[in-house]
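These protein sequence lines are chains V and S, in that order.
Heads up, the first sequence is in my numbering, so the first residue is 1 and it goes up one at a time.
Heads up, the second sequence is in my numbering, so the first residue is 127 and it goes up one at a time.
Note that these hints are calculated values from the structure, not bench results.
Don't take every hint at face value.
Calculated pairs, DSS-like style, for lysine-lysine (alpha carbon to alpha carbon, straight line, at most 25 Å) [unchecked claim]: (1) S/Lys-142 with V/Lys-43; (2) S/Lys-220 with S/Lys-140; (3) S/Lys-220 with V/Lys-112; (4) S/Lys-175 with V/Lys-125; (5) S/Lys-166 with S/Lys-220; (6) V/Lys-44 with S/Lys-249; (7) V/Lys-43 with S/Lys-260; (8) S/Lys-142 with S/Lys-199; (9) S/Lys-262 with V/Lys-86; (10) V/Lys-112 with S/Lys-199; (11) S/Lys-231 with S/Lys-249; (12) S/Lys-175 with S/Lys-231; (13) S/Lys-249 with S/Lys-166; (14) S/Lys-257 with V/Lys-43; (15) S/Lys-166 with S/Lys-199; (16) S/Lys-253 with V/Lys-112; (17) S/Lys-199 with S/Lys-216; (18) S/Lys-166 with V/Lys-125; (19) S/Lys-257 with S/Lys-136; (20) S/Lys-260 with V/Lys-86; (21) V/Lys-112 with S/Lys-257; (22) S/Lys-253 with V/Lys-44; (23) S/Lys-175 with V/Lys-112; (24) V/Lys-43 with V/Lys-86; (25) V/Lys-112 with S/Lys-260; (26) S/Lys-257 with V/Lys-86; (27) V/Lys-89 with V/Lys-125; (28) S/Lys-136 with S/Lys-175.
No experiment lies behind these values; they were computed from the predicted model shown.
Read off the chains here:
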Amino acid sequence: MENLCLQPTTSTPLINLDSEHGILEISGESYPENSFEFYAPIKKWIREYLPVATARIHVNINLIYLNTSSTRCLIEILDDLDDAFKKGKDIQVTWFYDEENDRAAETAEEFKEDITLPFLITAVKS
Amino acid sequence: MKDIDLFDLKESLKEKGVLICFVGQFSHIIIEEIGLAIRKYLETEDVRKSIVTDVFAVFIEQAQNIRNYMLKKNWTGNPHLSSSIISIGKQGDKYVVSSGNVVEKADVDAIVQRLNMVANLDKMQLKALFKEQKRKETAPGTAGLGLIDIARRASESMLYSVREIDNNHSFLSLKVSL
């Protein structure tokens, strides 16, 4: 399966979906002009990848800020990952946040609340 | 000379505590640029990072709500309807993000009802509402989750005013203190 890579912009994150190494990375800023349009190909890629993935999948999320429409999109992606986990896929989500930003820690906790798959919240020194 | 002298306007904005202000049609690039300017300004002020995030987030949600509403109504290119205002300022020890935009009179009741509903909830109720609505589909431009997010980050209840500007339109002003 072909990898999906998008370079970051002022309002969109870096996307690196690597099927070969089982690494799904989203990092940077997320307040696109149209979040649903931006995340549609990412969601599609992950939906196609999950059934064929054989090894452990590492999902690394490091978002400085995400707006509410990005939150919606990310929830849909995490729900898909959670479903795959329930069906036996080996998935580890790691959510990185700036240790000096309490608000970013709260955001991470709220994402974690709704899902069952392994979800590690890691503080990063800025 | 008088009509090219903006000193009074500048002083009046300064008196109101305005740090950054934009008037006109919001484009995505303008929203990005103002956002970057806000962050840069707050970083030089040595503000706590969670406050920077909150001010930035409230600005983004307000500006994107206005832009989405304008797009939904097809008002792009009609300055009478699309021209909006947003300002970021400081009053006492609080940061204030204020915005104003034209809305259709037919929408005013629903908007006011929603603003009142959100403004009357405490932080725990807002968190529960956010959680309940984040999985619900809402049409773009309806400011579903955005308004709840703004209220969650605000340190005081949001204030608003509505005034009629012609037979079919009103001007909605919204003030959020953090």
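To see whether the hints hold, each was checked on the structure:
Of the supplied pair hints, the one linking S/Lys-142 and V/Lys-43 is violated, its CA atoms being roughly 45 Å apart against a limit of 25 Å. Between S/Lys-220 and S/Lys-140 the CA atoms are separated by roughly 15 Å; this keeps the pair inside 25 Å, and the hint holds. About 31 Å separates the Cα atoms of S/Lys-220 and V/Lys-112, which puts this hinted pair outside 25 Å; it is violated. Simply put, S/Lys-175 and V/Lys-125 have alpha-carbon atoms about 13 Å apart, close enough for the 25 Å limit, and the pair holds.
This hinted pair checks out: S/Lys-166 and S/Lys-220 have alpha carbons roughly 18 Å apart, not beyond 25 Å. Taking the CA atoms of V/Lys-44 and S/Lys-249, the gap is about 35 Å. The hint is violated against a cut of 25 Å. Between V/Lys-43 and S/Lys-260 the alpha-carbon distance is near 17 Å, which keeps this suggested pair within the 25 Å criterion. For the hint pairing S/Lys-142 with S/Lys-199, the CA-to-CA distance comes to about 32 Å; that exceeds 25 Å, so the pair is violated.
A distance of roughly 23 Å separates the Cα atoms of S/Lys-262 and V/Lys-86; the hinted pair therefore holds under the 25 Å criterion. Taking the CA atoms of V/Lys-112 and S/Lys-199, the gap is near 37 Å; set against the 25 Å cutoff, the hint is violated. Restraint check: the Cα-Cα separation between S/Lys-231 and S/Lys-249 comes to about 30 Å, which exceeds 25 Å; the hinted pair is violated. A hinted pair counts as satisfied when its Cα atoms are at most 25 Å apart, and S/Lys-175 with S/Lys-231 does not qualify at roughly 39 Å.
Restraint check for S/Lys-249 and S/Lys-166: not satisfied, since their Cα atoms lie roughly 28 Å apart, outside the 25 Å limit. With a C-alpha separation of about 21 Å, the suggested pair S/Lys-257 and V/Lys-43 falls inside the 25 Å cut-off, and the hint holds. At roughly 33 Å between alpha-carbon atoms, S/Lys-166 and S/Lys-199 are farther apart than 25 Å, so this suggested pair is violated. Taking the CA atoms of S/Lys-253 and V/Lys-112, the gap is near 14 Å; set against the 25 Å cutoff, the hint holds.
A C-alpha spacing of about 32 Å is found between S/Lys-199 and S/Lys-216, which places the hinted pair above 25 Å, so the restraint is violated. Using a Cα cut-off of 25 Å, the hinted pair S/Lys-166 and V/Lys-125 holds, with the two alpha carbons roughly 20 Å apart. Annotation: proposed proximity of S/Lys-257 to S/Lys-136 is violated, straight-line Cα distance about 42 Å (limit 25 Å). Taken as a hint, the S/Lys-260 and V/Lys-86 pair is honoured in the structure, with Cα atoms around 22 Å apart against an allowance of 25 Å.
Proposed proximity of V/Lys-112 and S/Lys-257 is supported: the alpha carbons are some 12 Å apart, at most 25 Å. Simply put, S/Lys-253 and V/Lys-44 have alpha-carbon atoms about 30 Å apart, too far for the 25 Å limit, and the pair is violated. Between S/Lys-175 and V/Lys-112, the direct Cα distance comes to roughly 22 Å. Compliance with the 25 Å bound is thereby established for this hinted pair. With a C-alpha separation of about 18 Å, the suggested pair V/Lys-43 and V/Lys-86 falls inside the 25 Å cut-off, and the hint holds.
For a cut-off of 25 Å, the pair hint linking V/Lys-112 to S/Lys-260 stands: about 14 Å separates their Cα positions. Taking the CA atoms of S/Lys-257 and V/Lys-86, the gap is about 22 Å. The hint holds against a cut of 25 Å. Only pairs whose Cα atoms come within 25 Å are accepted, and V/Lys-89 paired with V/Lys-125 is rejected, the gap being roughly 31 Å. A threshold of 25 Å between alpha carbons decides the hint, and for S/Lys-136 with S/Lys-175 the separation of about 29 Å lies outside it, so the pair is violated.
Consistency note: the structure conflicts with the earlier hints numbered 1, 3, 6, 8, 10, 11, 12, 13, 15, 17, 19, 22, 27 and 28.
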